[in-house]
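> In case you want the letters, here they are:
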Amino acid sequence: MSEFLVGYLSNQSNHEDPPRECDVLVIGGGLLGTSLAYYLAKEGTDVTLIEREEINREASGTNAGSFHFQIALHQLTPNMTDSEKDRLASEVRLQVDAAKLWDNLEQELDADLGVHFDGGIMVAETEEEMRVLRDKDEIEKSAGLESHILTGDEMRAFAPYLAPDLAGISFCPREGHANPLLVGPTYAYRAAERGVRFRTDCGAESIEVLTGEKHRFKVTTNKGVIKANRVVNAAGAWTAELAAQLGLKLPMGLSGLHVNVTEPREYFLKSMVQHIGRRLTLKQTHNNTFIIGGGWPSRPEPYPKRFSNIWNSASGNLAVALRVLPMLKDVKLIRTWSGVWAYTLDFKPILGESERIPGYHVAMVPTGFTLGPMVAQMLSEYMTAPKGSIKLPEEFRVDREVA
Amino acid sequence: MKSVTGNDLVVIGGGPAGIAAAATASSLGLRVALIDERITLGGQIFKRVGPGFDLRERKSLGKDYARGSDLIDEIDRPNVTLLTSTTVLTIEDGKVITSHPEEGIRALDYRFLIIAPGAYDRPVAFPGWTLPGVMTAGAVQTMVKTQRISPGKRVFFAGSGPLALAFSAQLIGLGAPVFKVIESAPFPSPANALRLLSRIGGNLDLIRDAAKYRSVLFKARVPFKYGRIIVKAEGKGRLEYVTHAKADREWNPIPGTEVREACDALCVGYGFFPSHELFRLVDCAFEYDENRGGFSVLRDEWGATSVDSVFAVGDGTGVTGSYSAVAQGRLAGLQIASRLKKITEEERDSAAKPYARELRARNRFQSALNKMFDVGAGIYRLADRKTVICRCESVTRGAIDPIIDSTDDVSVVKGISRAGMGLCQGRNCQRHIAAMIADRHQKPISSVSFQTPRFPVKPVEIGAIADDSIREEKYFIT
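Same order as they appear, the protein sequences are chains Z and X. Residues 1 to 403 in the numbering used here are what the first sequence spells out, letter by letter. Residues 404 to 881 in the numbering used here are what the second sequence spells out, letter by letter.
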């Protein structure tokens, strides 16, 4: 399973100085950057990717690897209008497309990425949460995402490990997960096979727009200057910071997420479990450990330190986990970690070419693990098609302003 | 979560250094809370006999036991709160967060914090090291000291440094049938011996101890061989044979010099690693010294670290032994009492004199000893392809080598191989992997960076730390 990672890592040219010029320069070696490099190279584009540390290092490799095809919880409210429901349905359709990409990705990359579709359970504790769950279920069904509501004895028979007094659950068979440590590096390996030059320990220090020269951009790195026709900012959590250098103000925010890992126990929990009213994602990995998260905060630290964990996040998060799965009581917590989660203020991806700075592209998406490869594919199609022949969704616009 | 408030000083670790610090600070009127993971105080060197043992002849337990008893008696004061069976999980926002089987989670505030976590046995991976019957010196010492259990009927001792001699003699004294001791370092050279002799001042007791240990071995007719190192352990389901060989200067076994012997217990004692997880969690600065166990926390003459109000004492700061540890604890206690205006700086300095003098003498001697028993890099090369390096996740050297061929980053090795992700939280394998990386990429082990420190410092049951009163920001408002 590790052969592609080792293959990628042992590529000695990763540590060489970057080329002096290229057509497309991708900044950032996360999942978006590596998958974009792959799709661009597949169409024959000349790509160089620079990464200031090692590929797949930040959110791309530190997330829990879950596919979130159900509606993101922060978008739900108890009394949704029809137009809100329509908007959510359009997002679900995007997620259904992403699911299709994941269906075929192991075949596409000819590698084991640990992709499993074992379904996702969403629990509701109260009758009010149950109403939201039913609304959500209805929107998802209308958008073509299979979903089932179970309550009472039916729920207890389906998921006997859950607390028996929960109000009910929905089950989405399409949900699942992949191994976040494998996906980005495998994309990188396959992209390198197609001629993409990867340069690690190579950070973008400044970007200038050139006029009257062969290339439009001059990017200064710690390992020398690169001139490029087109630049893609795929710097993950640091996308806005990088874009600000050219005066672009991206509607983004950052937050640190807390994750708990337990000791292994006999495997029984096939599906990921979430809570519709509280912050919880819970799953058992194929190493039999439990990974418990769901959006509890960690403490921001200045780069290059990693965000630090907060005790109360562990205590509170694990209490929600026990409420839903009481049998975890005596399982030991052995590790916590924290990843940086970048989100957009309207929860839409930022994807495409800036109108203000032609040639400057941004690729940034919240729920980046689930949607990253798909939006990378969309951007690649845009960048490789004749100018103007493909339009990216209006609501993803780079130059949009969000209140 | 319960709170334990109003502490002037919290001391983590009830070994020689921690108890000495608590004793000095409490004698000067500080309110002290002393935390230890075990059911009784003492740490490793002053370890008490286990609960239920009736102690009739204290003298028979030797000098260290008596030293420990005297020190523990010193903290029998109303201004000292003892928290035994209490595990520190993390330190956050000026609070030490602990767990206890009955008391649950408790948070202790402090004006000053002394971290005295001690050291643990240097794990050495060689073929067969995970067989039942192969034990670390510390584990055997605990068995013998607390439970009076001999690790086997025919015990082989492989190790290095003063402890190889001391432990094996102690084991024999307590009735464990040790039949041979091997020491990796060569027979002391005249230069080394002279250096040691020149620093004998203030350390005569240690020389006397060493002579006594040597005579115990001699009387018991147990051979003590210099310049030999463990090569492998074998047996069906449990240990039956050990193989050892002559070691070169770097502690690499010399082919053709192997000797195979039958035994049912192998005690492995190649020195210690400071337990530095808590120091890293609070972000203390470090230096590197392989002979003191690798990464050692930076501290001033009083034990203050680079982090405000946090002090470091004892073997957790770099292994120097129990006499140094006690002196370090005393000095830290004095400095904190002076910072809290319980004594003047003059009073501090005059009280500190004998401890500072002792510490200097001990350190001089210790560094000469360290020279004599310089840890060889060969200790990290004993594993073969099939040898398990990470016990928790059963990751072999064969699985790790190809990854190390392509990266010098510990986190990447961990991410790909899962080595270091198990219940021991990497304590057993991370240094070994760092050494493998250093060896393969020809760089000093000190340049191989740590994993990011994260709580819990020790594994803890979910039920113990879950707290339903902590509520998150809601996703949707109802």
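Heads up, a few of these hints could be off.
Taking lysine-lysine and the BS3-like style, the derived pairs with C-alpha atoms no more than 27 Å apart in a straight line are [claimed, not checked]: (1) 329(Z) x 85(Z); (2) 249(Z) x 391(Z); (3) 305(Z) x 789(X); (4) 270(Z) x 100(Z); (5) 789(X) x 466(X); (6) 329(Z) x 100(Z); (7) 329(Z) x 556(X); (8) 498(X) x 556(X); (9) 42(Z) x 100(Z); (10) 466(X) x 332(Z); (11) 846(X) x 774(X); (12) 249(Z) x 332(Z); (13) 405(X) x 329(Z); (14) 249(Z) x 387(Z); (15) 498(X) x 329(Z); (16) 846(X) x 332(Z); (17) 846(X) x 305(Z); (18) 387(Z) x 214(Z); (19) 498(X) x 332(Z); (20) 789(X) x 498(X); (21) 498(X) x 305(Z); (22) 466(X) x 639(X); (23) 846(X) x 223(Z).
Here are the simulated distance ranges between beta carbons [claimed, not checked]: (24) 163(Z) x 854(X): 30 to 40 Å; (25) 688(X) x 208(Z): 52 to 62 Å; (26) 854(X) x 100(Z): 31 to 41 Å; (27) 403(Z) x 854(X): 54 to 64 Å; (28) 496(X) x 267(Z): 49 to 59 Å; (29) 550(X) x 201(Z): 50 to 60 Å; (30) 866(X) x 148(Z): 47 to 57 Å; (31) 160(Z) x 550(X): 54 to 64 Å; (32) 160(Z) x 507(X): 28 to 38 Å; (33) 692(X) x 222(Z): 27 to 37 Å; (34) 267(Z) x 507(X): 27 to 37 Å; (35) 161(Z) x 692(X): 49 to 59 Å; (36) 801(X) x 100(Z): 50 to 60 Å.
If you are wondering where the hints come from, they were derived from the structure by calculation, not from laboratory data. Idealized CB from N, CA, C, for every residue including glycine.
> For each hint, tell me whether it holds in the structure or not.
These are the hints, each one checked on the structure:
1. 329(Z) x 85(Z): violated (38 Å)
2. 249(Z) x 391(Z): holds (22 Å)
3. 305(Z) x 789(X): Roughly 36 Å between the alpha carbons, so the hint for residue 305(Z) and residue 789(X) is violated.
4. 270(Z) x 100(Z): Cα-Cα ~21 Å, so holds.
5. 789(X) x 466(X): Between residue 789(X) and residue 466(X) the Cα gap is close to 43 Å, so the pair fails against 27 Å, i.e. violated.
6. 329(Z) x 100(Z): violated (37 Å)
7. 329(Z) x 556(X): violated (41 Å)
8. 498(X) x 556(X): Roughly 47 Å between the alpha carbons, so the hint for residue 498(X) and residue 556(X) is violated.
9. 42(Z) x 100(Z): Holds - the C-alpha atoms of residue 100(Z) and residue 42(Z) are around 19 Å apart, at most 27 Å.
10. 466(X) x 332(Z): violated (39 Å)
11. 846(X) x 774(X): holds (22 Å)
12. 249(Z) x 332(Z): Violated - the C-alpha atoms of residue 332(Z) and residue 249(Z) are around 44 Å apart, more than 27 Å.
13. 405(X) x 329(Z): Holds. Residue 405(X) to residue 329(Z) sits at ~20 Å (cutoff 27 Å).
14. 249(Z) x 387(Z): holds (25 Å)
15. 498(X) x 329(Z): holds (25 Å)
16. 846(X) x 332(Z): The hint is violated at about 37 Å.
17. 846(X) x 305(Z): Holds: residue 846(X) and residue 305(Z) sit about 23 Å apart, inside 27 Å.
18. 387(Z) x 214(Z): It holds: about 19 Å lies between the C-alpha atoms, which stays within 27 Å.
19. 498(X) x 332(Z): holds (22 Å)
20. 789(X) x 498(X): With Cα atoms ~44 Å apart, residue 789(X) and residue 498(X) exceed 27 Å; violated.
21. 498(X) x 305(Z): holds (22 Å)
22. 466(X) x 639(X): violated (40 Å)
23. 846(X) x 223(Z): holds (22 Å)
24. 163(Z) x 854(X): 30 to 40 Å: holds (35 Å)
25. 688(X) x 208(Z): 52 to 62 Å: violated (38 Å)
26. 854(X) x 100(Z): 31 to 41 Å: holds (37 Å)
27. 403(Z) x 854(X): 54 to 64 Å: Violated, at about 42 Å.
28. 496(X) x 267(Z): 49 to 59 Å: violated (37 Å)
29. 550(X) x 201(Z): 50 to 60 Å: Cβ of residue 550(X) to Cβ of residue 201(Z): about 52 Å, so the range 50 to 60 Å holds.
30. 866(X) x 148(Z): 47 to 57 Å: Taking Cβ atoms as reference, residue 866(X) and residue 148(Z) lie about 31 Å apart, which means the hint is violated.
31. 160(Z) x 550(X): 54 to 64 Å: violated (43 Å)
32. 160(Z) x 507(X): 28 to 38 Å: Given a distance of about 29 Å, which is inside 28 to 38 Å, the answer is holds.
33. 692(X) x 222(Z): 27 to 37 Å: Once the Cβ atoms are compared, 31 Å apart, the range 27 to 37 Å for residue 222(Z) and residue 692(X) holds.
34. 267(Z) x 507(X): 27 to 37 Å: holds (30 Å)
35. 161(Z) x 692(X): 49 to 59 Å: Holds, since residue 161(Z) and residue 692(X) (Cβ atoms, about 50 Å apart) stay within the stated range.
36. 801(X) x 100(Z): 50 to 60 Å: violated (39 Å)
Going through the hint list in order, the structure does not satisfy hints 1, 3, 5, 6, 7, 8, 10, 12, 16, 20, 22, 25, 27, 28, 30, 31 and 36.
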